[in-house]
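Asks: If you want the building blocks of each chain, they are given just below.
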Amino acid sequence: EDKVVQSPLSLVVHEGDTVTLNCSYEVTNFRSLLWYKQEKKAPTFLFMLTSSGIEKKSGRLSSILDKKELFSILNITATQTGDSAVYLCAVVPSGTYKYIFGTGTRLKVLA
Amino acid sequence: NAGVTQTPKFQVLKTGQSMTLQCAQDMNHNSMYWYRQDPGMGLRLIYYSASEGTTDKGEVPNGYNVSRLNKREFSLRLESAAPSQTSVYFCASSVTETQYFGPGTRLLVL
Numbered sequence: 001e002d003k004v005v006q007s008p009l010s011l012v013v014h015e016g017d018t019v020t021l022n023c024s025y026e027v028t029n030f031r032s033l034l035w036y037k038q039e040k041k042a043p044t045f046l047f048m049l050t051s052s053g054i055e056k057k058s059g060r061l062s063s064i065l066d067k068k069e070l071f072s073i074l075n076i077t078a079t080q081t082g083d084s085a086v087y088l089c090a091v092v093p094s095g096t097y098k099y100i101f102g103t104g105t106r107l108k109v110l111a
Numbered sequence: 112n113a114g115v116t117q118t119p120k121f122q123v124l125k126t127g128q129s130m131t132l133q134c135a136q137d138m139n140h141n142s143m144y145w146y147r148q149d150p151g152m153g154l155r156l157i158y159y160s161a162s163e164g165t166t167d168k169g170e171v172p173n174g175y176n177v178s179r180l181n182k183r184e185f186s187l188r189l190e191s192a193a194p195s196q197t198s199v200y201f202c203a204s205s206v207t208e209t210q211y212f213g214p215g216t217r218l219l220v221l
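Chains as they are written, first to last, in this note's numbering: chain A, 1 to 111; chain B, 112 to 221.
Next up, chain A with everything else stripped away, as it sits in the complex (with noise of 0.2 Å):
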């Protein structure tokens, strides 16, 4: 069966941490790999990884996918208060649209 694991379940850091967020996926015929972040709504489009070894970056976030070792990571350097939040990581079959979440790693920063 298809699934998709994240880990930690939940992380507290303060503020100016670096955290790495883990998501291994068991899935055959691998398409891509996204991950999103959720607040208190609906969860928002962070990155797509569909090659190995490519890192996405965005400001602060960076992403990586291990397709050989099938997990990918998320990094936030120099945290904030505003990245507390849910991250949720989705892999996509191919050849369909049934998209597989995992139960997200919800991320705690204080002051």
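There may be inaccurate statements among the hints.
Stated by the list, open to error - Taking lysine to any residue and the SDA-like style, the derived pairs with C-alpha atoms no more than 25 Å apart in a straight line are:
1) A/K67 to B/T209
2) A/K57 to B/T207
3) A/K41 to B/G164
4) B/K168 to A/K57
5) A/K98 to B/V123
6) A/K98 to B/L221
7) A/K40 to B/K182
8) A/K41 to B/L189
9) A/K41 to B/D149
10) A/K57 to B/Y211
11) B/K120 to A/G53
12) A/K37 to B/T116
13) A/K37 to B/Q128
14) B/K168 to A/D66
15) B/K182 to A/F45
16) A/K37 to A/G53
17) B/K182 to A/G95
18) B/K182 to A/K108
19) A/K108 to B/R217
20) A/K3 to B/T209
21) A/K41 to B/S186
22) A/K68 to A/K108
23) A/K108 to B/G151
24) A/K68 to B/V171
25) A/K108 to A/S51
26) A/K3 to B/S195
27) A/K68 to A/G82
28) A/K68 to B/G151
29) B/K168 to A/T44
30) A/K40 to B/P194
31) B/K120 to A/K3
32) A/K3 to B/V206
33) A/K37 to B/R217
34) A/K98 to B/G164
35) A/K41 to B/T116
36) A/K98 to B/Y175
Unchecked claim - Computed footprint of chain B on chain A; a stretch qualifies when at least three of its residues, placed anywhere within it, have a C-beta under 8 Å from a C-beta of chain B:
37) 23-34
38) 40-47
Simulated from the structure, these hints should not be mistaken for laboratory data.
Note that CB positions come from ideal geometry on N, CA and C, so glycine has one too.
Given chain A's structure and the hints, the job is docking chain B onto it.
Replies: Structure of chain B alone, referenced to chain A:
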């Protein structure tokens, strides 16, 4: 540009009642989705529509029906609500793999 809109924002139902959750997108996306989100369970796909006129079951379709009314609108119907359907429901749309989510409908079934 409204993106993806959902109505209602919040609803309380009694067991056995029916209701329809509405979703509309103005981005001309072909694909639309309905998810439910429960604590500790992440987002689970209920139904999706790859294009106008087609719908398919997702991971948890039991107790739900959908209608892709046109390219813009995708509704989710609960024919006989059960307490297990208490959840937050999100609609999403996409043209590639990137999904755009609506603000959600919080449903409480008593």
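Asks: Take the hints in turn and mark each one as holding or not.
Replies: Now the hints, each set against the structure:
1. A/K67 to B/T209: holds, 19 Å
2. A/K57 to B/T207: holds, 20 Å
3. A/K41 to B/G164: Violated, because 29 Å separates the two Cα atoms, which is more than 25 Å.
4. B/K168 to A/K57: violated, 35 Å
5. A/K98 to B/V123: Given that 25 Å is the threshold and the Cα spacing comes to 29 Å, the pair is violated.
6. A/K98 to B/L221: violated, 30 Å
7. A/K40 to B/K182: violated, 28 Å
8. A/K41 to B/L189: holds, 22 Å
9. A/K41 to B/D149: Measuring from Cα to Cα gives roughly 13 Å; hence the hint holds.
10. A/K57 to B/Y211: holds, 20 Å
11. B/K120 to A/G53: The given pair, whose Cα atoms are some 41 Å apart, is violated under the 25 Å limit.
12. A/K37 to B/T116: With a Cα-Cα distance of about 19 Å, the restraint between A/K37 and B/T116 holds, given a limit of 25 Å.
13. A/K37 to B/Q128: Violated - the C-alpha atoms of B/Q128 and A/K37 are around 34 Å apart, more than 25 Å.
14. B/K168 to A/D66: violated, 30 Å
15. B/K182 to A/F45: Measuring from Cα to Cα gives roughly 22 Å; hence the hint holds.
16. A/K37 to A/G53: holds, 22 Å
17. B/K182 to A/G95: The hint holds at about 21 Å.
18. B/K182 to A/K108: Between B/K182 and A/K108 the Cα gap is close to 39 Å, so the pair fails against 25 Å, i.e. violated.
19. A/K108 to B/R217: Distance ~23 Å between A/K108 and B/R217 Cα, so the pair holds.
20. A/K3 to B/T209: Satisfied, since the Cα-Cα distance of roughly 19 Å is no more than 25 Å.
21. A/K41 to B/S186: holds, 20 Å
22. A/K68 to A/K108: violated, 31 Å
23. A/K108 to B/G151: holds, 17 Å
24. A/K68 to B/V171: violated, 30 Å
25. A/K108 to A/S51: This hinted pair is violated, its Cα atoms lying about 30 Å apart.
26. A/K3 to B/S195: Measuring from Cα to Cα gives roughly 23 Å; hence the hint holds.
27. A/K68 to A/G82: Not satisfied, since the Cα-Cα distance of roughly 33 Å exceeds 25 Å.
28. A/K68 to B/G151: Judged against 25 Å, a Cα distance of about 28 Å means the pair is violated.
29. B/K168 to A/T44: This hinted pair holds, its Cα atoms lying about 24 Å apart.
30. A/K40 to B/P194: OK: A/K40 and B/P194 at ~23 Å, within 25 Å.
31. B/K120 to A/K3: violated, 30 Å
32. A/K3 to B/V206: holds, 24 Å
33. A/K37 to B/R217: This hinted pair holds, its Cα atoms lying about 19 Å apart.
34. A/K98 to B/G164: Given pair A/K98, B/G164 holds - Cα atoms ~18 Å apart, limit 25 Å.
35. A/K41 to B/T116: holds, 13 Å
36. A/K98 to B/Y175: holds, 17 Å
37. 23-34: holds (count 3)
38. 40-47: holds (count 5)
The structure fails to meet hints 3, 4, 5, 6, 7, 11, 13, 14, 18, 22, 24, 25, 27, 28 and 31 from the earlier list, while all remaining hints are met.
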